[in-house]
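Engineer: If you want the building blocks of each chain, they are given just below.
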Amino acid sequence: MPPGSGAGIAERTLGGRLADRVGDNVRRPDGGPKTRGEFAFSSDLWMDGMLWGKTLRSPHVAARIRSIDPRPALFVPGVRAVLTAADVPGRPTFGLEVPDQPVLASEVVRYHGEPIAAVAADHPEAARAGAEAVAVEYEPMVPLVDPEIAIGADPIHPDGNVFRHLVVRHGDVGATADVVVEGSYEIGMQDQAFLGPESGLAVPAEDGGVDLYVATQWLHVDRDQIAASLGLPPERVRLTLAGVGGAFGGREDVSLQIHLCMLALRTGRPVKMVYSRDESFFGHVHRHPAKMWYRHHATRDGDLVKVEARIVLDGGAYLSSSNAVISNAACFAAGPYRVPNALIDAYAVRTNNPPCGAMRGFGAVQVCYGHEAQMDKLAAALSMDPVELRLRNALERYDRLVTGQVLTGAAPVREVIRAAASHPLPPPPDPAGPMMALPGGAGATADPASIRRGIGFAVSMKNVAYSEGFDDYATARLRLEAGLEGEPVATVSVATAEVGQGFVTMAHQIVREELGVARVVLAPANTVDVGSAGSSSASRQTWMSGGALQLACAVLRQDLVSRAAELWECPGAACELVAQGVLCTETGERLSVSELLARGPLETVQEFHHRPTQALDSDGQGDAHVSFMFAAHRAVVDVDPELGLLRVVQVATGQDVGKAINPVQVTGQIEGGIAQGVGLAVMEEIVVTEGRVRNPSFTDYLLPTILDMPEVVATVVEEPEPGAPYGAKGVGEPPTISSGPAVLAAIRDATGLPITRAPVRPDDIALA
Amino acid sequence: MRPEVTPAEAGSVAQGAGEGVAETGAVAQGAGEGVVGAGLVQLPPYELDVNGSRRTVEDAWLGESLLYVLRERLGLPGSKNACEQGECGSCSVLLDGVVVCACLVLALDAVGSRVETVEGLSATAEVADIQAALVDAGGVQCGFCTPGFVVAVHDLLRRSPDAGDMEVREALSGNLCRCTGYGRILDAVRSVQSARQGVRRSSGAAG
Amino acid sequence: MRVARVALPGTVDEAVAALSETPGAQLLAGGTDFCVEVNFGLRRPPAVVALRRVRELRRWEVTPERVRVGAGTTYADMGTGELAAALPALAAAARTVGSPQIRNAGTLGGNVATASPAGDTLPLLVALDARVTLRGPTGERSVPVSEVVTGVKRTSIAPDEVVVSVELDRPPGPQQFLKVGTRNAMVIAIASAAVVVDLEARRVRVALGSVAPVPLRARAAEDQISDAVDWRAPGGPRASGAALAMFGELAADAASPITDHRASAAYRRRAVQVISRRALERCVSRAA
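Residue numbers (this note's numbering), protein chains in the order written: chain E, 112 to 879; chain A, 163 to 369; chain Y, 1108 to 1395.
Certain hints may be false.
Computed footprint of chain Y on chain E, listed as stretches where at least three residues anywhere in the stretch have a Cβ under 8 angstroms from a Cβ of chain Y [said to hold, decoys possible]:
| no. | segment |
| --- | --- |
| 1 | 498-509 |
| 2 | 543-553 |
| 3 | 748-759 |
| 4 | 804-816 |
Dumping the calculated SDA-like pairs for lysine to any residue here, alpha-carbon to alpha-carbon at most 20 angstroms [said to hold, decoys possible]:
| no. | chain 1 | residue 1 | chain 2 | residue 2 |
| --- | --- | --- | --- | --- |
| 5 | Y | K1260 | Y | P1195 |
| 6 | Y | K1260 | E | T810 |
| 7 | Y | K1260 | E | D811 |
| 8 | E | K402 | E | D510 |
| 9 | Y | K1260 | Y | R1339 |
| 10 | E | K770 | E | P833 |
The following residues of chain Y were derived to be distant from chain E, with all beta-carbon distances above 12 angstroms [claimed, not checked]:
| no. | residue |
| --- | --- |
| 11 | E1172 |
| 12 | T1289 |
| 13 | I1297 |
| 14 | A1373 |
| 15 | I1382 |
By construction, these hints were calculated from the structure, which means they are not laboratory data. Backbone N, C-alpha and C fix where the C-beta goes; we use that ideal spot for every residue, glycine too.
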């Protein structure tokens, strides 16, 4: 048995104790297949007789469509179907919150790359040629690309240009104090840039429905949107999760799902679609670009008195999850600090820019650049150590947020700050060391004598799970039965999207922890066998799907006890679950789980809901969130000021996780999240000019390579969260939030420049 | 015995023909006289030497990359398609023993060359310790970049078993990972290096 | 039905013959530019002549005076060993190209024939007045690289010609190549500079990349610094800080960069100023 395979794990025990329980370092069951190339990602699917799908997209940013003639495409040999808006059988629009986006545009296009037609052909190249042959007559319009102007401009969509305007008024909005600092900040458009491009395989079914194998973050919400647009009842649209090559928020919205299903139903053949990398840049939503203005008021002692902010997020052409993103931006605009008075004016706006929606950190990332730059400004104005200032104002349990919500959960803000600050600093840059380790890297541009080192600090907070009254739940089906040799086997069915985060491992750990059953089978995630798990986003699946599974385990544990009690005709209270079986404390009788299961399987389906939250009121007040995570980052950056090039040397962090269910995986999330945070700080940006995407490729949208990635030193702070399964908060998002702002702070420290924009560009330093 | 159903198997459900993919190729289906679209120019059948076997490629188009042919015609989807322009390393294969991006090799230009993919390397077990180390160290998350890393790490350690940190980083700088931040991957490489050094020392073959 | 013509020649002559005989045939070398265009639907070749099997293209000869590098020599070949020792700035340039995988496939001939303004080997080739040997049906010709690369992705190579080799002088003295990109590896040049010091001729040469449609020489900078250097200084050539600074400024003056999504024209100008000066500072010492 090769190491890392599922069975290898199932059979391992440590010193007689069942291994791989909650809190252990557990190897992924899908790790072995992934290293061998055997794991089937959505782009690996293949079926006899399948066709290839391709989307025709608008070359214009904004245009009226005068006419669409699909006929020329049908003359391209190999083309089997060309579908336009006229072919959408059901609801002509889709959308995560509100269906405001056409499945295929027919009258007007509102962004560069909006889908116009879908083509199926025998070969991907024939599909591409077919898409190119569709004759579309456009009447280009002047695009609306400035979100500030869009607020008051003529609407470019029947739903208007302002998605949501949210004002948070807290305390005395007229308050002021002796020390006032002000600043404006700007954040570019980041892409999730998951490595596995959007892809899937749709197979027409005999019942007139369709089976879709697809990489997504949320099977059930995809299904509902697909079914509505296909005009089918949801049960005739069956989704199965195919291997997901990363997500980071970019797979929350529907991309190719409806197009694929339409093509499969029209042609009666399986249809596969795989976005190329450039199409992927057009095919999913991005992180909102932001423009922010801040004014902080504090006493001479350094106590925050008031935070004012105006935040404008550019949501692009369609809503996606903008309403929730702006809510987070407003809620966390002041950062993890005690702020008695606040006035926060937040807009999410529609423009003709690419649509924006969910990405790791979800609204908390943009504002963190703002509030953390302000904290440094304030520290400078007060001649105070920036870490000291943060410690002084750090939130504590039972403090109130600017939304009026009282922090009832764990809030180890000071602990994460101290942890990040206390890691040893890296050695100074080595002038005699390899050029590759200096700013400029392989280009060998560095002049070692002119390198300047800076250190920056940043702290952040973010909610876990969904907010503002959304009924957030996850479902788990758990079946216990005897295996071929009578051994107990637990089968877990959840629709939880494994996107790389490691729920596959956690499911095993929870069942082992709760039931002591060694053999755990995780069934394929689909919409047929089990209800919704919600999305794999918002750092929520540990809590939500973990909670549902824990609940299901508790029910079956009770069922085992009841079954034993029934057999012994003994009152249930006297029976309890012990290692691998049930014990009657009165008689001392024992029955193993196997013996109990010999009488038939046990099964339960459980839904886990987190406690209700409230929508924010007209003053932006309310208990909008269920729980909060905190993190602090300290970045050390070497800068070549003359060229504006840099190298992030080290990021130290303290992160509040509640409980590390699988520590090695938590480390992976922290390091990976920091990579994305550092990426936004120093290189990642979709460059959009007049609505046009200029760099839809990995040649020009730069992701950090292994030579760009700093050393990460992390301290995990485990203070159990009341009400959370195992006390665990999420871990995925916090590393991405304050790591970037810490890098910018370090660049400011090294250069003395204000640096108000992320990503920082060489120009911003060298030409300042 | 494989008690757990991993998502790999879930996905494989749709893989249908599985191993027999090569001969039937998607293009052949009902295309009549062959697929000749605007830019589609059909090739006569040709043979590739893949993982030590001679494989015939039929009905292919001139513009198909080695990556496409491996994945869609020869039933070898282990090499991944992520950027189509040599900027991510997910499709790394060995061509005559040299690591290259399969997306930037025109398939027909691989005629007469030895092609080794992650599937072939896995079958020979010479990369088993690299694969195990990646899983143990937590170097695998979504896993899309992983096969490319396995090939690139194998290539590096074969050429330079004791490569230092900078050499390792430079050798792997063409392989992007979006999930891990590379920390666990570097850990895995270091653990393979030290285990292999131990083996070399104990077998007296060191240096 | 159109059936593709594909030629896999083993010699340059076979390649030239195949190219002439096959209408519309396109030459394929390392594939690192060609295949990207095919994958993105921007190039749909009706026929291909693939050069990977032409062994003679992958040979090089090093003499004390010059180097002749076969067009099929990969960046990886240039980055190490004999070639790297002979032409350290070419090795430095080759090591900045793409990824290790790209460097294993991409070739010097391909870099010349693709004629990208950001072609990483081109500044050094231009600085050394390299000559490119082209072979067509009527024979060979040797053309200065600056006459081969005529514009953005434009060359004077005839459709029936194959790039055979590049000949470069080995002037005695240090040489440097520096490249600016916003990532520490695997990045397209925002600006680059090759500086070659010829101790015998007492000349400094500098060529710039990514700051004009073609790689260009900064002649005014060369004249200024060649006069300003104290060539007889004990311990090697030496120049004043002012002269070095002036060199960078004159180099930047030669540039005619554009603003695009990678960088602004102003930054590119600044970048070549800095890296030209730094490259030279590594070759000559600064007078006190």
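Engineer: Give a verdict on every hint.
Structural biologist: Status of the hints after comparison with the structure:
{"no.": "1", "hint": "498-509", "verdict": "violated (count 0)"}
{"no.": "2", "hint": "543-553", "verdict": "holds (count 5)"}
{"no.": "3", "hint": "748-759", "verdict": "holds (count 5)"}
{"no.": "4", "hint": "804-816", "verdict": "holds (count 7)"}
{"no.": "5", "hint": "Y/K1260 with Y/P1195", "verdict": "violated (26 angstroms)"}
{"no.": "6", "hint": "Y/K1260 with E/T810", "verdict": "holds (17 angstroms)"}
{"no.": "7", "hint": "Y/K1260 with E/D811", "verdict": "holds (18 angstroms)"}
{"no.": "8", "hint": "E/K402 with E/D510", "verdict": "violated (29 angstroms)"}
{"no.": "9", "hint": "Y/K1260 with Y/R1339", "verdict": "violated (42 angstroms)"}
{"no.": "10", "hint": "E/K770 with E/P833", "verdict": "holds (11 angstroms)"}
{"no.": "11", "hint": "E1172", "verdict": "holds (27 angstroms)"}
{"no.": "12", "hint": "T1289", "verdict": "violated (5 angstroms)"}
{"no.": "13", "hint": "I1297", "verdict": "violated (7 angstroms)"}
{"no.": "14", "hint": "A1373", "verdict": "violated (6 angstroms)"}
{"no.": "15", "hint": "I1382", "verdict": "violated (6 angstroms)"}
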